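Enquirer: Note that our numbering gives residue 117 to position 117 of the sequence shown, counting from 1, and the numbers run on in steps of one.
Simulated from the structure, these hints should not be mistaken for laboratory data. Note that the structure is predicted; figures quoted are calculated from it, not measured. One thing to keep in mind: the hints can contain errors.
As a list, the in silico DMTMM-like pairs of lysine to aspartate or glutamate whose alpha-carbon atoms are at most 25 Å apart [what the hints assert, rightly or not]:
(1) Lys134 - Glu92
(2) Lys209 - Glu180
(3) Lys161 - Glu47
Pairwise CB distance ranges, derived in the manner of DEER restraints [unchecked claim]:
(4) Leu217 - Ile48: 46 to 56 Å
(5) Pro90 - Thr165: 47 to 57 Å
(6) Ile169 - Arg61: 22 to 32 Å
(7) Lys209 - Asp110: 50 to 60 Å
(8) Tyr54 - Ile31: 26 to 36 Å
(9) Ser292 - Asp36: 46 to 56 Å
Built from N, CA and C at the ideal position, the CB exists for glycine as well.
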Amino acid sequence: MNINDKIIHMEGKILFKKMRGQQHSYGFRFIEGVSDMPVQLRSVGWEIQTYQGYNWDGRNRKDPDSCLFQYTLSGAGRLEIDGVVHKISPGEAFLVNIPGDHHYYYSDNDTHWEFIYLTFFENNLMPKWRELQKQCGHILKINTDSPVIKKLNQIYEGAVKETITDKFIASSLVYAFVMECYRTVNASLYAPPEQKPAPIVTAIRYIEKYFSEDIRLEDLACEVRLSKYHFARLFSKSVGLSPAQYIRKVRIEKAVQLLNQTEHSVEQIGRSVGFSNGNYFCKVFRKMVGTSPERFREGKDIYSVGELKLR
């Protein structure tokens with residue numbers, strides 16, 4: 001294939017644009033420093049590989065420290081990591097750090113490898129990226145119509161149309177992409193209640209109905225016919241909070257409504273939403289909301305709103 005290389009200077013950056021037939025890869029180098037950005041775009045591209053020479057060993061790369069997300073659209077590629085070779089099929093992405101202890105390549109056992117990829121400098125975002133890798137084990141299964149791939153396409157389109165004109169746009173696009181990856185891996189935590197496992201839906205409805213009563217873990221487990229240990233694990237995995245934390249969340253949200261809509265005392269409100277006494281209610285309220293019930297009611301705090309959603 002003919003290779004045409006261009007270097008284009010645009011508003012404080014140098015854009016390296018490499019075009020191979022119908023395949024495009026775009027690299028970004030910002031003249032102005034980017035260390036103040038939480039994350040920064042390095043390159044984005046779409047390729048179809050049938051070349052045996054496509055072979056990257058992360059242990060031998062001299063590239064600056066960066067992160068790579070590579071998603072297979074069709075065909076397949078191979079990733080060797082932790083001594084195991086994985087076939088990266090359509091709908092699968094791998095996440096690695098460069099340089100790093102990994103090896104990815106095109107194998108002649110496959111017809112081709114079509115993929116879209118993104119590399120970026122993580123700067124201050126590494127803890128989230130490491131957590132993402134830990135949760136999905138370097139390989140992530142994801143639909144092509146998912147928000148993650150839509151964000152990736154948005155970055156690629158921005159490179160194609162040359163709308164990524166400064167470091168702030170580039171950083172915001174990559175940051176949104178990483179957060180969408182993180183949200184997708186934790187999708188079960190943010191799914192509407194009705195989309196969670198049936199026992200969890202039942203437990204949530206029970207809590208929202210009887211929140212003012214003394215609800216024990218044993219009561220919830222019995223209601224959904226699971227052992228309390230299995231139920232507690234499933235609830236935390238599906239909701240992101242333990243049953244006890246979720247009960248407190250519901251109680252505080254109800255308390256906010258009463259603080260705004262009634263003239264009942266703080267003590268009365270605390271007891272009416274299920275707390276054993278006013279002092280404990282105030283302690284939990286301050287910890288979860290960031291201010292006292294009294295200041296919240298008087299409108300002396302930024303969180304003094306008509307309705308508060310705790311997430």
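Enquirer: Name the hints, by number, that the structure is in violation of.
Expert: 2, 5 and 9
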